[in-house]
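2 protein chains.
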Amino acid sequence: MRLLFVGFGTVGQGLAELLLEKEKFLAENYGFEFKIVGIADKIMGSLFVPEGLDLEKALKMVKEERSLASYPGGEYKKDALSLIKETDADVMLEATYTDIKTGEPATSYIRAALERGMHVTTTNKGPLALYYRELADLAIKKGVQFLFEGTVMSGTPILNLLRETLAGSNITEIKGILNGTTNYILTRMEEGFSYEDALNKAQELGYAEAVPDADVQGWDALAKVTILARVIFGGKGNPFDYPCEGITKITAGAIADAKDRGKRFKLIGKVWREGSDVKASVNPEEVDMSHPLGGIMGATNAMTITTDTLGEVTIVGPGAGRTETGYSLLIDILKINGIK
Amino acid sequence: MRLLFVGFGTVGQGLAELLLEKEKFLAENYGFEFKIVGIADKIMGSLFVPEGLDLEKALKMVKEERSLASYPGGEYKKDALSLIKETDADVMLEATYTDIKTGEPATSYIRAALERGMHVTTTNKGPLALYYRELADLAIKKGVQFLFEGTVMSGTPILNLLRETLAGSNITEIKGILNGTTNYILTRMEEGFSYEDALNKAQELGYAEAVPDADVQGWDALAKVTILARVIFGGKGNPFDYPCEGITKITAGAIADAKDRGKRFKLIGKVWREGSDVKASVNPEEVDMSHPLGGIMGATNAMTITTDTLGEVTIVGPGAGRTETGYSLLIDILKINGIK
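Each protein sequence line maps, in turn, to chains A and B. Take the first sequence: its position 290, counted from the start at 1, is 519 in this note's numbering, and no numbers get skipped. Take the second sequence: its position 79, counted from the start at 1, is 308 in this note's numbering, and no numbers get skipped.
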């Protein structure tokens, strides 16, 4: 199986490390063998090696911030789109940065790869939240798979669980803690930190960006909620069609007061059916401490699925991370190979 | 697909109700259609209807405690084994009572069905904890599937999650709350009930048996742990090869003392690798309240899976119940049909 990396930052490198580490395990356990035929990185350039490149060497070059143009024996392309259009890979692994307003450049990359008959797996929320139906239809038309396990809860296999493992169930509601940064901030505030100090701590640890709006205003959770609304319930809404409130108005006093009543503030993303409508929202909620979501502390994510067959089932796991998100791409690659 | 019920108590009836309720949904969504060609019940008798029986009518008869011998137009068999040996079903749904010491009569039923080339799904812990390898090998030899999602955490799809959804991961440890009755008792004790009062309450609610040993001595959790050791890690041990301690020695004082230190007693079943050995145990542990397992209250089950790719992933859901366990059989039936 010929793989093409598009986007080779934290997530792409996380997958590359996993593939190197697990090459033998994957061959022995699943008969899965692969070649990397190209890597496109915004800064380090776009490299095509038709016979398969030395992943360890390319990874080292990128980590040392050396341009891929100097990779011996490779064809250097002017940009990612040229690489996609001229490569004969079987699967494109798309892990560029998320732009939730335009979905670009990822959506153009995915369109180009599907058009060429490549399977696509992505960790990018933009194309899913904005163009899921169009891209899924294009994949069907081209007879290829379009997978995106990592867009919600990174490698914690929530989409597989919802789409396959719970087959035969009627899912009526999905709600959860979909943003680790805000859950970390709320956890520190319960310990007595002010909002500002908790945010600073999250920034120090690399959980929050210098401009933390995508997390603290709830937009990251909103993108994930929109993906679930589209993929699981067939919803047609765009992210900003749904009500969204972040955590910036929650005070330490309100948190202490809730705690006295056995409650805990959580930023809850929710999708549910109301008649034939699909509804979604993101907002802070007081969750009972005895509910599984009430016990989720720190940067962990969790999702409670309500079904007709089992009542509530909750899955708790990482929602971000180099290896964890890299692993989501591996799940999808194995699935494309009929392994699950 | 021709289905044969063997064991038609709570779980079998739970599945029958689900099949009736979801008949249209399953046909429309998965193209899955079925006939029930036989029902064997220890008390109501064994019925064979080659052209397919009226499930609603048979279910009503059993609920009204009328012998299946009076079902019009059916062939009445002298026992379940005769029925299995003379029926041409595609799948046997085995849901008789669990005997963890002998695995009988379920193991004989499963052997007979596999020998005849039927797929088998069971909710019965006995055959799995004692004869998993033999039965799995027989299924492979006969080219049929042998599935048992309901043996651990009822319909909460933990085995599918471990065996398929986490493909590509190296699982190093599985630990969790695998018995709802004891977790319910511990929850009530934390609220101030004595062990005896909490046990009485559990018996009133139907969670605990009149002789509660299988739950409170940890044997039910031990059977599940043994199944996980065999199925996930290839362990060869029988249930009583592993150390097992129940909850009968935990005092209200110890629970209160743990709580003051931010801990909570849980009956933890655990399986892990130690070099090339597979280890397992059941015993009460003080779990940190900030750990997902520390927050599981009442009769709910939960399991934390440690992997190289994701760190810890926890799944929380029902561990028992009529519909919930019935649904585990439906998961397996759909899987046999290539639907997941």
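Be aware that one or more of the hints could be misleading.
Put simply, identical chains are the same to the list, so a pair is met inside one copy or across any two.
Listed below are the simulated EDC-like cross-link pairs for lysine to aspartate or glutamate, each with C-alpha atoms no more than 20 Å apart in a straight line [as the list claims (entries may be wrong)]:
no., residue 1, residue 2
1, Lys508, Glu419
2, Lys286, Glu246
3, Lys508, Glu541
4, Lys251, Glu402
5, Lys492, Glu419
6, Lys271, Glu304
7, Lys251, Glu393
8, Lys253, Asp537
9, Lys492, Asp517
10, Lys251, Asp537
11, Lys492, Glu420
12, Lys371, Glu315
13, Lys508, Glu294
14, Lys289, Asp366
15, Lys286, Asp442
16, Lys508, Glu393
17, Lys330, Glu262
18, Lys488, Asp517
19, Lys488, Asp308
20, Lys289, Asp317
21, Lys508, Glu304
22, Lys253, Glu393
23, Lys371, Glu402
By construction, these hints were calculated from the structure, which means they are not laboratory data.
Results of checking the hints against the structure:
1. Lys508 with Glu419: neither (30 Å within a copy, 38 Å between copies)
2. Lys286 with Glu246: within (12 Å within a copy, 59 Å between copies)
3. Lys508 with Glu541: Only inside one copy: Lys508 and Glu541 sit 19 Å apart there, 31 Å across copies, limit 20 Å.
4. Lys251 with Glu402: Between copies only: 19 Å across chains, 36 Å inside a chain, cut-off 20 Å.
5. Lys492 with Glu419: both (11 Å within a copy, 18 Å between copies)
6. Lys271 with Glu304: within (16 Å within a copy, 72 Å between copies)
7. Lys251 with Glu393: between (25 Å within a copy, 17 Å between copies)
8. Lys253 with Asp537: Between. Shortest inter-copy distance 15 Å satisfies the 20 Å Cα cut-off; intra-copy 42 Å does not.
9. Lys492 with Asp517: Intra 5 Å, inter 18 Å, cutoff 20 Å: intra and inter.
10. Lys251 with Asp537: between (39 Å within a copy, 11 Å between copies)
11. Lys492 with Glu420: Answer is both; intra-copy 14 Å and inter-copy 17 Å each pass.
12. Lys371 with Glu315: within (18 Å within a copy, 48 Å between copies)
13. Lys508 with Glu294: neither (45 Å within a copy, 45 Å between copies)
14. Lys289 with Asp366: neither (38 Å within a copy, 46 Å between copies)
15. Lys286 with Asp442: neither (37 Å within a copy, 60 Å between copies)
16. Lys508 with Glu393: Neither: 22 Å inside a copy, 31 Å across copies.
17. Lys330 with Glu262: neither (37 Å within a copy, 44 Å between copies)
18. Lys488 with Asp517: both (9 Å within a copy, 18 Å between copies)
19. Lys488 with Asp308: neither (53 Å within a copy, 59 Å between copies)
20. Lys289 with Asp317: Neither, since 24 Å and 61 Å both go past 20 Å.
21. Lys508 with Glu304: neither (48 Å within a copy, 52 Å between copies)
22. Lys253 with Glu393: between (28 Å within a copy, 19 Å between copies)
23. Lys371 with Glu402: neither (32 Å within a copy, 41 Å between copies)
Violated hints, in rising order: 1, 13, 14, 15, 16, 17, 19, 20, 21, 23; the structure is consistent with all others.
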